[in-house]
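K.L.:
Use these hints to put chain S onto chain L, whose structure you have.
Protein sequence lines correspond, in order, to chains L and S.
Per the working numbering: the first sequence = residues 8 to 280.
Per the working numbering: the second sequence = residues 10 to 377.
Simulated from the structure, these hints should not be mistaken for laboratory data.
Even for Gly, the Cβ is constructed at its ideal location relative to N, Cα and C.
Wrong hints could be hidden among the right ones.
To be verified - Residues on chain S that point at chain L, a partial pick, calculated with CB under 7 angstroms:
no.	residue
1	K75
2	E249
3	G250
To be verified - Covered stretches of chain S (chain L as the covering partner; in silico rule of three or more C-beta atoms under 8 angstroms from a C-beta of chain L):
no.	stretch
4	126–137
5	153–163
6	251–260
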Amino acid sequence: MKKSTNALLNAPYAVWAAIFVVVPLFIVLIYAFTDGEGNFSFANILALKDYWYNFLLSLLYSLIATVITLLIAYPFAYALSKTAEKTQRIQMMLVMLPMWMNLLIRTYSWMNILDKNGVINQILTAMHLPTGEFLGTPGAVIFGMVYNYLPYMILPIYTVMAKMDPALIEAARDLGCNGFNVWRRLVLPLSMPGVISGITMVFVPSVSTFYISQKLGNGKIMLIGDTIERQMQMLNNYNLGAALSLVLMILILVSMFIMNRFADKNGEGGMIV
Amino acid sequence: MKRIVCVIVACAMLIAAAVLPVSCVRNDVVLELEGDYTGLEGTELYVMNWGEYISDGSEGTLDVIKAFEKATGIHVTYDDTTPSNEAMYAKLKSGAVSVDIVIPSDYMIQRMIKEDMLRKIDTSKIPNYKYILDEYKGLYFDPQSEYSVPYNVGMVGIIYNKTMVEGTPDSWDLLWNETYKNDILSFNNPRDAFATAQFLLGQDVNNEDKALWDTAAAKLKEQTPILQGRVMDEVFNKMEGNNAAIAPYYAGDYLLMNSINEDLEFYYPKEGTNIFVDSMCIPKSSKNYEAALMFINFMLENEVALANAEYLCYASPHSGVVNNPDYSFKDNQILYPDEAHKPKTQYFYDLDPEIRSYYEKLWEEIVR
Chain L
8 MKKSTNALLN APYAVWAAIF VVVPLFIVLI YAFTDGEGNF SFANILALKD
58 YWYNFLLSLL YSLIATVITL LIAYPFAYAL SKTAEKTQRI QMMLVMLPMW
108 MNLLIRTYSW MNILDKNGVI NQILTAMHLP TGEFLGTPGA VIFGMVYNYL
158 PYMILPIYTV MAKMDPALIE AARDLGCNGF NVWRRLVLPL SMPGVISGIT
208 MVFVPSVSTF YISQKLGNGK IMLIGDTIER QMQMLNNYNL GAALSLVLMI
258 LILVSMFIMN RFADKNGEGG MIV
Chain S
10 MKRIVCVIVA CAMLIAAAVL PVSCVRNDVV LELEGDYTGL EGTELYVMNW
60 GEYISDGSEG TLDVIKAFEK ATGIHVTYDD TTPSNEAMYA KLKSGAVSVD
110 IVIPSDYMIQ RMIKEDMLRK IDTSKIPNYK YILDEYKGLY FDPQSEYSVP
160 YNVGMVGIIY NKTMVEGTPD SWDLLWNETY KNDILSFNNP RDAFATAQFL
210 LGQDVNNEDK ALWDTAAAKL KEQTPILQGR VMDEVFNKME GNNAAIAPYY
260 AGDYLLMNSI NEDLEFYYPK EGTNIFVDSM CIPKSSKNYE AALMFINFML
310 ENEVALANAE YLCYASPHSG VVNNPDYSFK DNQILYPDEA HKPKTQYFYD
360 LDPEIRSYYE KLWEEIVR
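Bound conformation, chain L alone (with noise of 0.2 angstroms):
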């Protein structure tokens, strides 16, 4: 392709990037390294080692929430593309399906669900079992991450899958090659990209979440989303907001470019960045 013509495709995208990506990245530079009145401090950045504990939080939780969505989607979205076209399809809406809804008022709703008289206990009471307290609690906050991001994953996995070519697999069946050592040395390569955008797009969401922390966590877990928020929100602490976001871009940053080089080491181009 010509390169007038390459760069004409390029300018819308270029323009949208400028204006809505690259400006507001410096705002919130420009924010992170000034004071209330504007001059240039690094008050915020010394302010940030309070905050290390949250950090750790939504990390740690983002982390396990990436692992278990994996760890569901992975062996689904390899059955799901084995299964009739028919059936593909139809499974694919359902996983899409609640997404059709928004994220706040699904998590509004996990909310009643889990509540300490909510559906969950109210089932477990009529059955006689004895109740437990969801709400509030860890494990919760993970549930929200898992449900509200699981098709993220689901998807870009079921993608490659389904677009393996069967031939393959014969082939290497025909070579001698069994069960395991099929999925290892020639299916997992293969969807690795998949893995690698389906890892991206659950732990950048679940890392940075504010509103599903809040509600499920009873008000009690504080992640890093949701002490951006207060600075934002409530205290107008455009700095110390700016900077703790920038920490977090850096953190996503870091982790994007571990599980490329990581992707890279099996053969298949990296993702994103």
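P.N.:
Relative to chain L, chain S alone:
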């Protein structure tokens, strides 16, 4: 097929679990207006208010904004997406929007007057101002009543479920009672939460002594292990649905909850409690001052004020409402306790910024 049934059942469960907003129902048709609402047809008015803080036409109530537009010909942009006084302050401070009407709470009005963010309100152009009860004029945040016109009055108390709580509690210490571990809720905002501890400890909620705030913070930390959660409006679901036994909240909201769940009881703690007045103000950024005055006057129309008072279930500072024999909360002992039952009350004052950031810091340690 089985799967589709599952999906339908799941959907039904979610819908059943979702909350339906409640309100005190009132049917209203024709408005009798006292004021003159002509002369500003075709102009624009930007009103910023809290969510569900005006009679909005749901369930047969009066749609105040629509009625105002009809009466005046003014087009209203109604924004009720601002979650808190602090967020509203931030929006106005940033200068990003020009707003004609805001309804902040007392302490925020004090700060906004201090920072020269409000315009004086010419009450001579608001004939219905005569309805404002004297006890709500000249309050601490606006001693000359120059910047604000009271809209709603509220007090904080403790709501409890009588099937879960023994006896008749009368103190803030109920929130620290270990018998009710995991059944106690508290506020998810620092000022209200600190106040629960401060009243119990006999502190002044407006003190500016860091050591006292430290003591209150320690008291709150002591409470953390027995708390079920820290909530704001989620409290409706939780108390109505018997998910928790005890929660401090605003008196008016208790009346709403009580209409759903009759087992809920309410009291004002003997140590004293917080009273607040939310008032209508005109920010400096207002571009349609005349229309803003007209709006305030309209809000003070007898029928409009009554519709709002019925809808919100908060106490009204409007004489036409409190003396109206048709008002369903007339002489209600929770909203309008008589002299013998009036709790000791304290307003929140706007604190020194240093104290503010000090207790916010303490709060972060408490909640993490």
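K.L.:
Is the interface hint for E249(S) satisfied, with its Cβ closer than 7 angstroms to some Cβ of chain L?
P.N.:
Status violated, d = 10 angstroms.
K.L.:
Identify whether the interface hint at K75(S) stands, where standing means a beta carbon of chain L within less than 7 angstroms of its own.
P.N.:
violated (27 angstroms)
K.L.:
Can the hint on G250(S) be confirmed by a CB-to-CB distance to chain L that is less than 7 angstroms?
P.N.:
holds (5 angstroms)
K.L.:
Please verify the coverage claim for the stretch 126–137 of chain S: does it have three or more residues whose C-beta sits within 8 angstroms of some C-beta in chain L?
P.N.:
It is violated, with 0 qualifying residues against the three required.
K.L.:
Mind taking a look at whether chain L covers the stretch 251–260 of chain S? Criterion is 3 or more residues with CB to CB distance under 8 angstroms.
P.N.:
Held - the stretch 251–260 of chain S has 3 residues with a Cβ nearer than 8 angstroms to chain L, which meets the minimum of three.
K.L.:
Can you confirm whether chain L covers the stretch 153–163 of chain S, using C-beta to C-beta distances below 8 angstroms and requiring at least three such residues?
P.N.:
violated (count 0)
In terms of the numbered hints stated before, the structure departs from hints 1, 2, 4 and 5, listed from lowest to highest.
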